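2 protein chains.
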Amino acid sequence: MRRGRVTIPTDENYVDGTKKIADLWGADAVRDCDGTHLPKNALEIAEKVYNTYFVVRGDNEWADVHTDELQSVLLMTDYVLATEETLVVDILKGYSHDQLGVNEENPKKYWQVFDRTTGEEIFTWEYVGNGQVCISDTIPYHEYTVNFFAKNLWDSTQMYNYITNHWDIEKHKVMEPRFEATFEHIKENMQKWCAENQNVNVVRYTTFLYHFFLVFNEMNKEKHVDWFGYPMTASPRAFDAFEAEYGYILKSEDIVAQGTYQNNFVNPTKRFRDYMEFTEKYVTKTVRELVDIVHAEGKEAMMFLGDSWIGTEPYGDHFKDMNLDAVVGSVGGGVTVRMLSEIPHVKYREGRFLPYFFPDTFFAGNEENAIEELNRNWVTARRAMMRKPLDRMGFGGYLQLAAKFPKFIKRAGEVCDEFRAICDAAGKEKPYAGLTVAVLNAWGVKRSWMCHMVAHELWYQQVYSYQGVYEALSGLPVNVKFISFDDIKANGIDEDIDVILNVGEEGTAFSGGDYWNDSEIVAAIRKWVAEGHGFIGVGEPTAYRKGGRFFQLADVLGVDKEKSITLSEDKYNIEKKPHFITADVTGEIDYGEGMKNIYALQGTEVLDITISDRFQRNVNVGEVKLSANEYGGGRGVYIAGLPYSAQNARLLLRAMFWASHKEEEMKRAFADNVCVDCSYYPGSAKYALINNTHQKQHTRFFDRDGIESVMELNPDEIVWITIGEGEKE
Amino acid sequence: MRRGRVTIPTDENYVDGTKKIADLWGADAVRDCDGTHLPKNALEIAEKVYNTYFVVRGDNEWADVHTDELQSVLLMTDYVLATEETLVVDILKGYSHDQLGVNEENPKKYWQVFDRTTGEEIFTWEYVGNGQVCISDTIPYHEYTVNFFAKNLWDSTQMYNYITNHWDIEKHKVMEPRFEATFEHIKENMQKWCAENQNVNVVRYTTFLYHFFLVFNEMNKEKHVDWFGYPMTASPRAFDAFEAEYGYILKSEDIVAQGTYQNNFVNPTKRFRDYMEFTEKYVTKTVRELVDIVHAEGKEAMMFLGDSWIGTEPYGDHFKDMNLDAVVGSVGGGVTVRMLSEIPHVKYREGRFLPYFFPDTFFAGNEENAIEELNRNWVTARRAMMRKPLDRMGFGGYLQLAAKFPKFIKRAGEVCDEFRAICDAAGKEKPYAGLTVAVLNAWGVKRSWMCHMVAHELWYQQVYSYQGVYEALSGLPVNVKFISFDDIKANGIDEDIDVILNVGEEGTAFSGGDYWNDSEIVAAIRKWVAEGHGFIGVGEPTAYRKGGRFFQLADVLGVDKEKSITLSEDKYNIEKKPHFITADVTGEIDYGEGMKNIYALQGTEVLDITISDRFQRNVNVGEVKLSANEYGGGRGVYIAGLPYSAQNARLLLRAMFWASHKEEEMKRAFADNVCVDCSYYPGSAKYALINNTHQKQHTRFFDRDGIESVMELNPDEIVWITIGEGEKE
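Respectively, the protein sequence lines represent chains A and B.
Take 153 as the starting number for the first sequence in the working numbering and just add one per residue.
Take 153 as the starting number for the second sequence in the working numbering and just add one per residue.
Read the hints as simulated data drawn from the structure, not as lab findings.
Treat the numbers as computed from the prediction; the structure is a model and nothing was measured.
Please note that the accuracy of each hint is not assured.
[Unchecked claim] Per the computed footprint, the stretches of chain B lying under chain A, defined by three or more beta-carbons under 8 Å from a beta-carbon of chain A, are:
hint : region
1    : 423-433
2    : 463-475
3    : 660-674
[What the hints assert, rightly or not] Calculated pairs, DMTMM-like style, for lysine to aspartate or glutamate (alpha carbon to alpha carbon, straight line, at most 25 Å):
hint : chain 1 : residue 1 : chain 2 : residue 2
4    : A       : 641       : B       : 242
5    : A       : 698       : B       : 242
6    : B       : 245       : A       : 164
7    : A       : 373       : B       : 237
8    : A       : 698       : B       : 237
All residues carry an ideal CB built from backbone N, CA and C; glycine is no exception.
Sequences and hints are given; from them, build the entire structure.
Right under this line is the structure:
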């Protein structure tokens, strides 16, 4: 099929050009973009016409009249040192005064003050007005913080754009739908908008109700950005509603959590989980009323998994209640593809690909770079598409700009064709998977494919060595599950799981933190591994200092981390050995930030170890980077870190096959060149060999039965092979 | 003075050679050595004649008859996994059967069994004989350990020599002096030995009562070595005596401590401190009885701070009770010099220098290497000698071997002369110090100059980045104190202290671990710094996760460590700035193992930051390695790690002067070349310029009044300068 599944931006001033490119790319949908307007007759150009819609933002006419019905945000001040027995805290210090004001509603009820040096809550304080909290009976040289509600004066995304692009715009204010009058007004707006936009059949909700946590500092520079953060959902009204619904009083500290704001890396407490659920129920119920209006008008409702998704939790229990038709999100790589493509309870999922058609890329002389960005983004995402494709793809920006680059237009058309081909082959059935692997962390399914994300898959020094695991998994021929410690406690470990992965730094929700102090979890996993399964740890897996161990599953992993309290114990196991897991490695393995002070227990096979130039090859020196361990009938593997690369993806694949005792099954529907992935679709008897590089590649190819042949692939190419007939389900 | 202060080894077969070398080196003392015997007329060769003496070791005639009066050792088994509801533990598994047997005395009273997966003590177990403990009601897939008393069958040092040198010897058994008959026998031995050794006037106690913790594994390879470890002092008899004296029952776990054995890196608990004190009181009282015998015979008593020093604690409260005349120890560098030279309550302190006159160094053709080892050892130690000299120096081994290398003999003679010159100048008065600095840790004065030691100053990857601080301090023109957290709680911070240093890894006794959860300590130091003092942190200073901070004095240091729970907070302070502290740096600073994920708070001056090649120079990347922070009227400095080098010693000196606001005073009695130290002795108006390198050096020299001149120093040279007249005290 040469048409469909593709969305392009359009503009009322570029109708003919849009038609031409729609034809070249087989686009069946158009959308508006910041600063553009849809043509009146858009439905003549495309079957689907999307228009952005802001539920709570930018209705300043209403906002200026209902100033008490705007949104709040829950914040903590900076640490302030007492030097005497009273302390005055300027609570907005360090925060943008353009974005934030003080919400003075009943501070004594909603705010809290902490002595962070003792950890205790302090009650001897007053809000004295003018943004000042006066604390008395302070202890000199203790640090204090105030949790308080700020007024949210400016939509965070608009402010970001204002700052970044120097746009000269009127500040968008943000309404709080928990006020009845405001919510009625929101519904009226929706109804009215539908009536006025007959040329639109897809309402693209750029915002729902609450923005992710994004606040700016006194210089209007970004101060705190957490794509998963709930502080902007919080308000006195929300806290009151929570108390009525849950029967206990929520405290500001339940969300502030010592300034971590219970971000994605922090183990969620019971109270924070309650608050999330409370918010999810409210957001989904409220959005549903809007979606019902849209549906009644014969339009589809599409959510942008971007600015204001908080409280929707696409992998949560309440997402389905919104009755959405579609989700759209931006694609950064394989992980974001899977995060989008696996969202349940919608009819279709769309990815917005790069480059964005903006002047920063589409300027004269930059065509080759634009094509390179397109290829890089596409090839990275494509691995994941082969496993679980998106239903639609799209581009954003100004189509006129892209139209000036004919080679880009041609290449993008090829990508669209390839996208449709993948959807046809991979969209209908589950591809063959040699293994089922489960990522174990505090979140489980609720934050599927969202692990170790800071904002949208941003490159942070502290996370890329772990994110690479998910990026590798997104395109490997294995089924991937996300499970939580609570799942294991409640239901044990699912029968279909071959390997459990535990990835991350000590004390984070991804490694598990306090969960590893739970002997029930520890024993359950040990038993499960010993019975013949695999456990792979990356970084500081199972880390919790207890009983003389740092890794609570040191016995399973075969390694532990030296925290300088067992230096007196001699460590002899430092000899590096060849292994199935490292059979495809050429050169050095890239462990990213790696991990220091890991040593192997007796009996563990050391597959890679770093010995600094400072040291002789002696006992008690060297840092294990990769190891393999037999544990009863099962196996454990330790990896110091795994940034994404073709070689590292293969290393992980081999580690998983080895850990689950299925080494013999690896070379089924398999390409042995590490730069080539193989996806097999048993229903249609189709194999896809995917060249993930921009170079020509040769590979040995093994079919389902292990029969071998040699293949050549052009740069970026997918080769489709059909062998025999499709299996019946 | 060309004679005195020097000890050389001798042998009954090498009397004339000894006389000749004694004359060349000005030696006034001779000693025996393993496998040699003193000449009968040794007192004719030298004024002092040392003979090694073993208090508890090697009297097998007695030991074989009194098999119930031998020493024990308290051990923990390896972790053993239960897979069913009973578990049999082979308690000696993994331990050397040549060294250790089971002490079967009343296991139910003295042993303990732990479920290390829950952390709980288990009582459903029996010792079933034959080294087997049977635990019932085990929980499958929990790990268990047994704490038990082993019989110590072979002196650890002798076993080490046996293994290392393949000596063919009869196993030395080790008597337990807590048995009355044995102790009476020990005293008789001492009396008898004195009578039989009239040619000896210094009893060199190679062992006192208890060996440091040193046990071997089933392959007779070293398994656990802790120069500070108390497990070899423990026995059922000691536990009973403890209960009688302290009124509560000591538990094996009080010493085993999850297999850490409360080593030097572990915060000492109240119960472990009690046990140490109990042991110190016993050891010093017991040794005193022997020393009194020796003194009655007109001989001196000298302790070897080596194999069996445990329970003496030279910086403890009871050391003085032994009434020793002298201490001798081996010199590895400046730190060991100061560790020895500052020991109180003895008449003199001797260092044994390298190389040891053994065939592994003194073989034909190796003379240059032997000289090089001598120079390296001497120059390293000499820096510390200038601040607080030893009273005597010595060599060990076989003098005949050294005698074959005439250039070595000549160079060693020069070293002896230089040693005496230093003693004359620096031994009588305290050298000038521009500052008083205090190392703050859990041990304080009790483990002065013993911080971060694993065995004797051994080179461990996990410690050299911290040990460098002490090595630097050992030769810098500052007064050095060691203080503990308990000191601060009890008595505040001494008035003379300018700067506090806190050095080490999270959760260790050197960084402080749980002490940083004590708000009283935290506030006391903040106040003290704010009042105008300095605080310098190296590695993970003040580390304890609490209140959203990792470094509890992050505000003072100006930096904190990102533990992946505040990634959402933007970090802008990444610009490196020139500073007083780095003014003498050329090239890269060596931080050793360094420290990951340190970021600067707002307002802190970043003096060095590492940004990996993977990253653009952007917000939220980069790892601060060195920083400076104004804090009230005081200052904080952070250093990621500081292995010893000339440049790093200068960096530390500058950091200390800056932190204490005394920058202007640094260039008094000062050499600006980083390879040259300057020591000034006000009483005699003497300055010493010490060239710490084997190359010629030029330096600007500043006298006490800051008057400047230029000096040239030959390789290894000390230049002495007298300016004006000595100050009166």
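We went through each hint and held it up to the structure:
1. 423-433: Violated, because only 0 residues of the region 423-433 of chain B bring their Cβ atoms closer than 8 Å to Cβ atoms of chain A.
2. 463-475: violated (count 0)
3. 660-674: holds (count 3)
4. A:641 <-> B:242: Status violated; Cα separation ~33 Å.
5. A:698 <-> B:242: holds (23 Å)
6. B:245 <-> A:164: It is violated: about 82 Å lies between the C-alpha atoms, which goes past 25 Å.
7. A:373 <-> B:237: The given pair, whose Cα atoms are some 61 Å apart, is violated under the 25 Å limit.
8. A:698 <-> B:237: holds (23 Å)
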